[in-house]
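Peer 1: Spelled out, the chains give:
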Amino acid sequence: MLLTVRDLTKTFPGTRALDNMQFDLAAGEVHALLGENGAGKSTLIKCLTGVHARDSGRITLDGQPISPGSTHDAQELGIGTVYQEVNLLPNLTVAENLTFGRQPTRFGLVSSRRMRADAEEMLAGYGLDQVNVGRELGTYSVAVQQIVAIARAVALSGKVLILDEPTASLDARETETLFAVVRSLRDRGLGIIFISHFLDQVFSLSDRLTVLRNGQHIVTTNTADTNRVDLIHHMLGHELVEAEQRHVARTGGAELLTFKGLAHRNRIEPFDLKVRAGEVIGLAGLLGAGRTETADVLFGRTPADQGTATDENGKLDITTPRMAIAAGFGYAPEDRKTDGIVADLSVRENIALALQARRGWARPIPQAEQKRLADDYIRKLDIRTSSAEKAVGDLSGGNQQKVVLARWLAMNPRFLILDEPTRGIDVGAHAEILRLIGDLTDQGMSILLISSEFDELMAASDRIIVVRDRKHVSELVGAEIDTDRIINAIATRGDAERATS
Amino acid sequence: MNARILPLYATVVIFLIAYLICYIQFPAMLSTRVIGNLLTDNAYLGIVAVGMTVVILSGGIDLSVGSVIAFAGVFVAVMLRDTGLHPLVVFALLLAITTAFGGAMGALIHGLAMPAFIVTLAGMFLARGAAYMLTIDSVPINHPFYDMLDAYYRMPGGGRLTLIGAVMLLTVMAGMIIAHRTRFGTSVFALGGGEQTARLMGVSVGLTTIQIYAFSGFMAGLSGIVFSVYTSSGYPLATVGTELTAIATVVIGGTILTGGSGYVFGTLIGVLTMGLIQTYIVFDGSLSSWWTKIVIGMLLLLFILLQKGLLTLGQRQRNAPT
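Going line by line, the protein sequences match chains A and B.
Be aware that the first sequence starts at 1, since it is given in my numbering, and climbs by one per residue.
Be aware that the second sequence starts at 502, since it is given in my numbering, and climbs by one per residue.
The set of hints was computed from the structure by calculation and includes no laboratory data.
Errors might be hidden in some of the hints.
Just some of the chain B residues that point at chain A, by a computed CB distance under 7 Å [said to hold, decoys possible]:
id, residue
1, Arg534
2, Ala608
3, His611
4, Arg684
5, Phe685
6, Thr687
7, Ala691
8, Gly694
9, Leu701
Yeah, the Cβ is synthetic: ideal placement off N, Cα and C, and Gly gets one too.
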């Protein structure tokens with residue numbers, strides 16, 4: 001084995017990001033690493049590349065134990081990484097990027113002729129003959145930049161190459177070019193770790209794959225010996241215990257909102273959505289399949305470039321979140337820390353935020369009313385905080401999420417989008433938030449619930465819409481909702497219909 | 502074509518057109534006398550602008566240089582008046598001081614992760630204050646060695662290529678080599694392209710930052726010496742706002758203010774363009790000198806628009822299939 005990881009454990013305050021992880025990489029193979037957000041893929045990579053120091057466990061490279069202390073160390077040892085965001089400098093030339101740190105000099109001056117020659121030699125065999133190494137890197141497409149980054153990583157390190165979501169911003173043709181490069185590197189004997197959430201790509205490129213979930217090693221297998229359904233089972237970890245389901249699909253409510261043909265060029269294909277009063281619509285799918293993208297388009301965060309939205313009074317014009325709020329929408333985004341809360345503001349201020357935004361700055365909400373509002377929701381949602389004046393950043397994840405919810409509830413929206421409302425919060429708070437969703441819909445609010453957890457979706461939703469490859473592909477209503485149907489809808493191969501954007 | 506070089510072409514073209522306009526109106530403008538004076542009058546600005554170019558290429562800014570020039574002039578004048586040291590020794594001392602001063606600012610910028618703007622703003626007040634501590638008057642310099650420094654070469658046509666003008670040209674050449682032909686220069690561009698990425702690619706960010714501001718400090722010191730030769734005196738109130746003029750010449754010279762792209766040669770043209778505007782106003786005789794500021798303001802605006810346009814163009818180019 002070229003690279004082995006044994007019993008690797010890494011904890012961060014409050015979470016065990018990696019728990020006795022095992023991993024092997026052979027020379028001359030492409031080994032895919034799979035798992036949902038938070039499964040531990042990036043922590044594993046960061047431990048390998050010296051970004052994080054591990055708590056315990058062993059890593060060996062070529063049989064020698066290693067503990068890289070920085071990315072630079074890892075590079076020297078032979079482990080190179082290429083990220084989704086190209087980590088090269090677009091303002092330097094291709095040649096400067098390739099030779100950076102090792103530019104050939106003559107009497108202390110960089111010899112541009114020899115630098116060009118070196119760079120051309122490094123790029124040979126990557127199929128980039130049309131690239132002029134004397135031009136700025138930034139003038140080339142992301143695909144070319146990605147390959148240049150690979151060439152640099154290979155030249156610098158040359159044993160292990162880690163590709164972290166390299167295809168996320170490439171189109172189908174560019175992806176093929178990149179894969180050809182990866183295959184030829186594999187044939188040259190490099191060990192390649194490939195991270196992608198596009199299952200098609202995993203199946204077409206990898207020799208073996210390892211699935212991670214909740215920081216644990218779930219399975220390692222030859223890619224040829226597995227199939228998509230099994231993989232998704234492994235990734236999502238549904239234990240096939242039938243969760244308590246609503247099944248009393250409340251589809252009888254009045255039609256509240258109708259979205260027709262909404263789409264965004266690069267992010268989501270056209271979809272229709274009818275929202276009835278008092279129902280919960282679940283949105284299922286793998287990471288990057290179009291879940292959050294759907295929510296962003298509905299809420300005007302990435303305004304739709306086609307399609308219409310209407311309610312009972314006629315057409316709604318939603319191109320900014322502000323307009324969405326005015327139309328009675330609410331949105332608790334996926335990344336609570338960066339998009340949801342304002343960590344330094346108090347609980348009271350966070351709750352009053354959206355309401356204040358709607359009133360405009362000229363009509364401040366009186367302190368007393370803010371206080372009443374905050375106390376009200378602290379009681380109603382059982383937010384555990386010593387006072388309404390505590391900074392939200394000091395609360396636990398579940399309580400932060402409740403503050404975000406309270407903010408929107410204070411607006412009394414008619415349509416609330418919840419993107420992964422239970423991520424990173426403990427089991428107790430989890431159940432409370434689900435109960436809250438039930439209560440709200442009883443009062444007539446409509447909710448779009450996005451979640452990676454099937455149990456949660458199945459327990460809360462009246463309908464489930466499945467997204468795959470940036471498309472809404474299937475809708476399950478009431479009694480149709482079961483795990484196998486969802487997984488099949490997610491797993492159906494989509495090569496032919498793959499978005500080419 | 503390489504989009505990076507377009508602003509440089511624009512700078513050169515604007516300079517040539519401006520010169521042509523001047524020539525058509527005042528044919529005497531095209532003489533070695535005018536050109537010689539252009540170099541001499543702007544020698545101190547050109548030198549300090551070379552340092553500023555390197556700072557701006559790295560994505561930073563150095564607001565202290567105007568004060569450092571004044572301090573340098575006063576320091577030299579006072580030392581020559583009060584001590585028996587030879588000017589060359591005084592120069593060496595001064596350059597050591599200003600280089601260390603710049604390096605210390607660089608260390609603070611890196612070590613405290615503070616914006617260069619704030620740190621060099623503090624440096625600006627410190628250096629100005631230090632100049633006042635030495636003297637509050639204008640101190641004349643009367644040293645035989647200084648008479649030698651006023652040397653010049655008489656060009657055909659009667660123009661004078663003075664020593665300080667030549668020093669400025671040599672400085673520009675040295676700056677071009679350092680910025681474009683050394684590993685240090687590539688690191689400067691790398692920092693301007695993105696500090697995080699530069700670090701990942703192996704740039705020693707701390708050391709490079711210190712070197713960049715030390716370089717700027719050295720250039721400000723050298724500029725101060727040249728200014729003292731030019732004025733034969735040291736005055737603590739001199740060169741107020743020169744840092745801003747230097748930034749303007751760098752931008753007019755085609756360097757992008759956010760860093761990572763530009764040419765030292767462009768800065769020279771930027772300096773000469775400024776000098777040209779002033780010369781034109783002198784030739785005209787009826788125009789107020791404030792017109793210089795207005796024209797510079799308009800030029801700056803033009804270049805900011807040009808840079809914005811180029812950025813958009815570059816993005817479109819990248820999105821197009823290659």
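Peer 1: Just to be careful: measuring from the Cβ of Phe685 (chain B) to every Cβ in chain A, is the smallest value less than 7 Å?
Peer 2: violated, 10 Å
Peer 1: Is the hint on Thr687 (chain B) kept, meaning its closest Cβ partner in chain A is under 7 Å away?
Peer 2: Nearest chain A Cβ about 6 Å off; hint holds.
Peer 1: Would the hint on Leu701 (chain B) stand, with a C-beta cut-off of 7 Å toward chain A?
Peer 2: At 5 Å from the nearest chain A Cβ, Leu701 (chain B) passes the 7 Å test, so the hint holds.
Peer 1: Against chain A, run the beta carbon of Arg534 (chain B) and see if the smallest gap drops under 7 Å.
Peer 2: Violated, about 36 Å.
Peer 1: Mind checking the CB of Arg684 (chain B) against every CB in chain A and telling me if the closest is under 7 Å?
Peer 2: holds, 6 Å
Peer 1: Interface hint check: Ala691 (chain B), Cβ to nearest Cβ on chain A, cutoff 7 Å. Holds or violated?
Peer 2: holds, 5 Å
Peer 1: Close enough to count: is the Cβ of Gly694 (chain B) nearer than 7 Å to one in chain A?
Peer 2: holds, 4 Å
Peer 1: Hey, does the His611 (chain B) contact hint survive, CB to chain A under 7 Å?
Peer 2: The hint is violated - His611 (chain B) has no Cβ within 7 Å of chain A, the shortest such distance being about 17 Å.
Peer 1: Holds or violated: is there a CB of chain A closer than 7 Å to the CB of Ala608 (chain B)?
Peer 2: Given a least distance of 22 Å, the restraint on Ala608 (chain B) is violated.
Violated hints for the displayed structure, listed by number in ascending order: 1, 2, 3, 5.
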